[in-house]
Amino acid sequence: DQITLHTDGYVTMPLQPAFNLISGSTLTISANSNTGVTFDTERFDVNGDFASHTFTAPVTGKYQLNAQLRFQSVDTAADYYQLRLATSNRTYGPLIDPGPFGSDPEYWNISFSVVADMDANDTAIVSLRQQGGTQQTDIDDASHFSGCLLA
Numbered sequence: 001d002q003i004t005l006h007t008d009g010y011v012t013m014p015l016q017p018a019f020n021l022i023s024g025s026t027l028t029i030s031a032n033s034n035t036g037v038t039f040d041t042e043r044f045d046v047n048g049d050f051a052s053h054t055f056t057a058p059v060t061g062k063y064q065l066n067a068q069l070r071f072q073s074v075d076t077a078a079d080y081y082q083l084r085l086a087t088s089n090r091t092y093g094p095l096i097d098p099g100p101f102g103s104d105p106e107y108w109n110i111s112f113s114v115v116a117d118m119d120a121n122d123t124a125i126v127s128l129r130q131q132g133g134t135q136q137t138d139i140d141d142a143s144h145f146s147g148c149l150l151a
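Mapped onto our numbering, the consecutive letters of the sequence shown carry residue numbers 1 to 151.
Please note: incorrect hints may appear among the correct ones.
DEER-style ranges, computed between Cβ atoms [stated by the list, open to error]: (1) Ser73 <-> Val11: 43 to 53 Å; (2) Phe101 <-> Pro14: 42 to 52 Å; (3) His6 <-> Thr76: 46 to 56 Å; (4) Phe101 <-> Gly24: 25 to 35 Å.
Treat the hints as calculated values from the structure; they're not laboratory data.
All values derive from a computational prediction rather than experimental measurement.
We put the beta carbon where it would ideally sit given N, CA and C, even for glycine.
Can you make the complete structure from the sequences, with help from the hints?
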């Protein structure tokens, strides 16, 4: 069935695009460049729209996209760290300035959620940018990327 209407009023669509992935390994990032995040462990990928670290929208619509990165050995000498969620239409990117930290934190999290307008065959990928500082930061294997079609 493409659509199931339950007697209590719930509607489920078993082929509705949805994915949840985790990074299965630690990844060292390079200073002054965007480092693509490897998400190689699927918790689920309904409709099979995630491959090669890229989500590809199967239909035009509004997509809820979420990324959370946990990184290790944050360098306070870096100008900033930016989580970058790049779609074909726009790049979103919250950032942190590690300068005010008293010392290099062992762990730090940065997360972001957005409702993104995507056309059929548009893509979404996650990367982390460290601007300045020393190459010492790793993206932890507990990082994740998820999304689903809203409308």
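Evaluation of the provided hints:
1. Ser73 <-> Val11: 43 to 53 Å: holds (46 Å)
2. Phe101 <-> Pro14: 42 to 52 Å: Since phenylalanine 101 and proline 14 have Cβ atoms about 46 Å apart, the given range 42 to 52 Å holds.
3. His6 <-> Thr76: 46 to 56 Å: About 53 Å separates the Cβ atoms of histidine 6 and threonine 76, which means 46 to 56 Å holds.
4. Phe101 <-> Gly24: 25 to 35 Å: holds (28 Å)
The structure is consistent with each of the numbered hints, conforming to all of them.
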